[in-house]
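Peer 1: The residues making up each chain are set out below.
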Amino acid sequence: MTTVSFDRGPEDYRHWRLRIEPPIAWLEMDVDEHGGLVPGYELKLNSYDLGVDIELYDAVQRLRFEHPEVRAVILTSAKDKVFCAGANIRMLAGSAHEWKVNFCKFTNETRNGIEDATENSGQIYLAAVNGSCAGGGYELALACEKILLVDDNSSTVALPEVPLLGVLPGTGGLTRVTDKRRVRKDRADVFATRPDGVKGRTAVEWRLVDELVPRQDFRAVVEQRARELAASSTRPADAQGIVLEPLEREVTGDRIAYPHVTAELDRDTGVVTITVRGPRGDGWLLAMTRELDDLILRLRTNEPELGTWVVRTEGDPDAVLAAEREVLTGTDWLSNEILHYYKRTLKRLDVTSRSLIALIEPGSCFAGVLLELALACDRQYMLDGPPIDDEDSDERAFLVLSEANFGAFPMGNGLSRLESRFYGDHDHLDRLKRERERPLSASEAVELGLVTEAPDDIDWPDEIRIVLEGRAALSPDALTGMEANHRFVGPETIETKIFGRLTAWQNWIFTRPNASGPDGALRRYGTGQKASYDRKRV
Amino acid sequence: MPTRIDYDAKIPNNVELSDNRRLQRALEGWQPKFMHWWAEMGPALETQGVYLRTAVSVGREGWAHFDHVVPQDYRWGIFLAERDPDRRIAFGEHQGEPAWQQVPGEYRADLQRLIVIQGDTEPASVEQQKLLGLSAPSLYDLRNLFQVNVEEGRHLWAMVYLLHAYFGKEGREEAEGLLYRNSGSPDTPRILGAFNEETADWLAFYMFTYFTDRDGKYQLGTLKESAFDPLSRTCEFMLKEEAHHMFVGTTGVDRVVMRSAELIREHDTMDIAAHGGIPLDIIQRYLNFHYTVSLDLFGSETSTNAANYYTAGLKGRWMETRRKDDHQLTDDAATLDKPQPDGTWTSEEMQKILLLNLDLRREYIADCESGVKRWNKILTDAGIDFRFRLPHPGFNRKVGINSGHHITPDGTIVDEATWERNRKRWLPTSEDLAFVRSLMHPVYERGKIASWVAPPRQGINGKPFDYEYVYL
Numbered sequence: 001m002t003t004v005s006f007d008r009g010p011e012d013y014r015h016w017r018l019r020i021e022p023p024i025a026w027l028e029m030d031v032d033e034h035g036g037l038v039p040g041y042e043l044k045l046n047s048y049d050l051g052v053d054i055e056l057y058d059a060v061q062r063l064r065f066e067h068p069e070v071r072a073v074i075l076t077s078a079k080d081k082v083f084c085a086g087a088n089i090r091m092l093a094g095s096a097h098e099w100k101v102n103f104c105k106f107t108n109e110t111r112n113g114i115e116d117a118t119e120n121s122g123q124i125y126l127a128a129v130n131g132s133c134a135g136g137g138y139e140l141a142l143a144c145e146k147i148l149l150v151d152d153n154s155s156t157v158a159l160p161e162v163p164l165l166g167v168l169p170g171t172g173g174l175t176r177v178t179d180k181r182r183v184r185k186d187r188a189d190v191f192a193t194r195p196d197g198v199k200g201r202t203a204v205e206w207r208l209v210d211e212l213v214p215r216q217d218f219r220a221v222v223e224q225r226a227r228e229l230a231a232s233s234t235r236p237a238d239a240q241g242i243v244l245e246p247l248e249r250e251v252t253g254d255r256i257a258y259p260h261v262t263a264e265l266d267r268d269t270g271v272v273t274i275t276v277r278g279p280r281g282d283g284w285l286l287a288m289t290r291e292l293d294d295l296i297l298r299l300r301t302n303e304p305e306l307g308t309w310v311v312r313t314e315g316d317p318d319a320v321l322a323a324e325r326e327v328l329t330g331t332d333w334l335s336n337e338i339l340h341y342y343k344r345t346l347k348r349l350d351v352t353s354r355s356l357i358a359l360i361e362p363g364s365c366f367a368g369v370l371l372e373l374a375l376a377c378d379r380q381y382m383l384d385g386p387p388i389d390d391e392d393s394d395e396r397a398f399l400v401l402s403e404a405n406f407g408a409f410p411m412g413n414g415l416s417r418l419e420s421r422f423y424g425d426h427d428h429l430d431r432l433k434r435e436r437e438r439p440l441s442a443s444e445a446v447e448l449g450l451v452t453e454a455p456d457d458i459d460w461p462d463e464i465r466i467v468l469e470g471r472a473a474l475s476p477d478a479l480t481g482m483e484a485n486h487r488f489v490g491p492e493t494i495e496t497k498i499f500g501r502l503t504a505w506q507n508w509i510f511t512r513p514n515a516s517g518p519d520g521a522l523r524r525y526g527t528g529q530k531a532s533y534d535r536k537r538v
Numbered sequence: 001m002p003t004r005i006d007y008d009a010k011i012p013n014n015v016e017l018s019d020n021r022r023l024q025r026a027l028e029g030w031q032p033k034f035m036h037w038w039a040e041m042g043p044a045l046e047t048q049g050v051y052l053r054t055a056v057s058v059g060r061e062g063w064a065h066f067d068h069v070v071p072q073d074y075r076w077g078i079f080l081a082e083r084d085p086d087r088r089i090a091f092g093e094h095q096g097e098p099a100w101q102q103v104p105g106e107y108r109a110d111l112q113r114l115i116v117i118q119g120d121t122e123p124a125s126v127e128q129q130k131l132l133g134l135s136a137p138s139l140y141d142l143r144n145l146f147q148v149n150v151e152e153g154r155h156l157w158a159m160v161y162l163l164h165a166y167f168g169k170e171g172r173e174e175a176e177g178l179l180y181r182n183s184g185s186p187d188t189p190r191i192l193g194a195f196n197e198e199t200a201d202w203l204a205f206y207m208f209t210y211f212t213d214r215d216g217k218y219q220l221g222t223l224k225e226s227a228f229d230p231l232s233r234t235c236e237f238m239l240k241e242e243a244h245h246m247f248v249g250t251t252g253v254d255r256v257v258m259r260s261a262e263l264i265r266e267h268d269t270m271d272i273a274a275h276g277g278i279p280l281d282i283i284q285r286y287l288n289f290h291y292t293v294s295l296d297l298f299g300s301e302t303s304t305n306a307a308n309y310y311t312a313g314l315k316g317r318w319m320e321t322r323r324k325d326d327h328q329l330t331d332d333a334a335t336l337d338k339p340q341p342d343g344t345w346t347s348e349e350m351q352k353i354l355l356l357n358l359d360l361r362r363e364y365i366a367d368c369e370s371g372v373k374r375w376n377k378i379l380t381d382a383g384i385d386f387r388f389r390l391p392h393p394g395f396n397r398k399v400g401i402n403s404g405h406h407i408t409p410d411g412t413i414v415d416e417a418t419w420e421r422n423r424k425r426w427l428p429t430s431e432d433l434a435f436v437r438s439l440m441h442p443v444y445e446r447g448k449i450a451s452w453v454a455p456p457r458q459g460i461n462g463k464p465f466d467y468e469y470v471y472l
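Read top to bottom, the protein sequences are chains C and G. Read in order, the letters of the first sequence are residues 1 to 538 in my numbering. Read in order, the letters of the second sequence are residues 1 to 472 in my numbering.
Possibly wrong hints are sitting among the right ones.
Think about it this way: if two alpha-carbon atoms lie no more than 30 Å apart in a straight line, the pair counts; the simulated DSSO-like pairs of lysine-lysine are [as the list claims (entries may be wrong)]: (1) Lys217/G to Lys81/C; (2) Lys81/C to Lys324/G; (3) Lys169/G to Lys180/C; (4) Lys79/C to Lys398/G; (5) Lys448/G to Lys338/G; (6) Lys81/C to Lys338/G; (7) Lys217/G to Lys530/C.
Every beta carbon over 12 Å from chain C, so not counted as near; a handful from chain G, in silico [claimed, not checked]: (8) Lys10; (9) Val69; (10) Leu179; (11) Glu266; (12) Met270; (13) Thr304; (14) Thr346; (15) Glu349; (16) Leu356; (17) Arg389; (18) Asp410; (19) Gly411; (20) Ser451; (21) Asn461.
The hints are simulated quantities; they were obtained by calculation from the structure and are not laboratory data. From the three backbone atoms N, C-alpha and C, an ideal C-beta is built for every residue, glycine too.
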């Protein structure tokens, strides 16, 4: 299998054109049919695969950091009469299960990132649907704040997955239609079962789009609407962007190393040990976040069999807190971007289908922003004693709570990781608040419920080995399901519905014969033969 | 208050319209919009009466009733071929089951789409031909133009009937949409590209009725095979009328070639432009253009939509019932010639069911060849060496596997520069179009005809050429 890289830059985009005309940016989709990430399919009609979406992710990310002057982004197609046909079906039909699911996860994260930019960055997205728009194409539009549809009496928006493919729209289509756009559920039902979609006035009346625009005036009206949105943005007028330089990354057989983040891959045990180092110089939080983000994506895509990630840190907790304060109390646009980027990266971890285990040892720096990494894990083990290799040392592990742990980085369910951990226990959260900004020893961490266990230095090596070996012996599927259930307590949001409900159902549907069997709809698509369904409702 | 329609008198039909309240109500809403469309987008030339053939019933004598009619008073009607009560589905996975008299819920969207696309082409050609009446070469030709136009109007009615009768509220909305899209409109163009091209002169009209209407014949032929019986019967009746449009095209080009041949002989030169005739190489370039635009109407060579329609029984092959195979096509193979970036052609074997558009296009091309033979025979008889030919199917294509390649009329794959350099030898130039347009002076006098076209061998319905076909 080819190793997927997530390094991209506007100068080498193959499928997108990014044009900056402050306060507006045009992000035009122009998919190269022959530019599929792996051989075996043609990306016709602006359909996409992971490669197309990696470029989109890069563009969305650069717009936030490199272009503070952009206040509205027009997402449209450079092709005539077609906006986007969604995920490429032959690619899906020809992909292994984990590839399909990972692809959907990444595309979902990118769509969520678009909404995050609109909500938290004042970079408001507008979908200019200039032709037929189906499936993932419409879901892309749904991620935007407003949807304009060309009024040519034939262009439609559609979610044809159920009738044509026997699967569900995979990037939040069903949820965003009802929850975000508040389409009535009966109409949503009609819409999502019509292979030909809905056009014109009906699309507006059902709230599937916001406005119809005549073909001749299309670009002018789109630009006008974008300017109106830009005028309502809070983005600063005179800020200078920063350049997201290419990442420094060294990859050898079992090691991926960046300046601030390192991963050791152990294929025998299926464990990846991720070490995040604390601040060394300016700009640490952004640099570390970019590296961590890239590492998560690479591991998720390229190393599906490494099922357990062990998360460690190294460095000076005070330096972490100082770096955090600088960004957390900063009122400038860049501090805001960095915070939200770190938030999104933590969310990526939250929805990662790997067992996450934090190891808190002497010399680690799980303080504030970095403590969030430990809290994102399924379990936390803290060494109550000296470093394993130096029993005479006085050095001990400790944790530090800070402002950062009380709402700065909400999970997809809208709660902080501490609120999720102590769901409904407000007294305990109040108590934790009083413990901010001081080192918490292993016994205090156990007492406060911040770690799973705190073995001493005699037990530690065996204890951790047994935990990791025990984990590796369990069914990966059951673990995926269990972890996703435990991680997201409490209220439902669009995000939790997409990653929990939709993805879970889709995973099930993807493996059912009605979709993926030899006579299933996904396999039969494009052959001219009809799917044959097992009629039992399960 | 909408005026009530005296149904059987105003709208000749064999669908028991006067008993069908639902259909009446739909047509009452639609008919005034249609009349408005005709007034707005129909023929620009006003007449006091045109000698038109009106279908008043489907019986042997009923479908060809001749009289002078003011075009807007033409009785557009609704006719379906007679029903065969034992008709069975001839292909696909429902093969052998009785034909459907109602739309199956499962195929509703697909059937509706097929009907809308077919319906969208019918009024489009009326719009494309709107101005031609102002430059007709004779009253006979003017009459034929109107005949084609009113019949395209009736074909629109035929598709609207299906939408109204079988597709409920949505069908009514789609039926209205057929009038709101307009040929060449920058805002709401017709669905298919060829129907947004201009038909600016009479040579283009003859070419259109030869090549583009012939595509219509083949498309209708495949819909005639449909398991949905009302669609099948509607198309069967439309095919009768379509034959006349192709007659206009075939004989129209005949007469232009005939006249050019006369002028070549008379003046002993191929360069007959100065003598008011259309040089043969311009005719060839027109042919190249209209033929290739029409090939685009067959869609992509490989089509999963067409395959799905076939499997479902919605759209068959040309003469499906005469084909000697399993009518499933999932186990049969066929080959597809593909242009390669290195300038060679390769042949790829594929499942036959994915190449249905290609199958239909082959039938069409063979049919087009017969016209070329006719026109060449005129040249042979006149002792002229020039020969017309159909260009290679890869030439000048915007749709399918050949689009994006530069292919010459003889099928050689060349680079873009070479193609562009030769373009004016192969496709009508702006000078060609301007020249042909310069010949387009109306001739409205009985028995007279323009310089660039020969009179027909016969008139209409036994009338002589100098009959007053149109009252102006």
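Peer 1: Among the hints numbered above, which are violated by the structure, and what are their numbers in rising order?
Peer 2: Structure breaks hints 2, 5, 10, 13 and 16.
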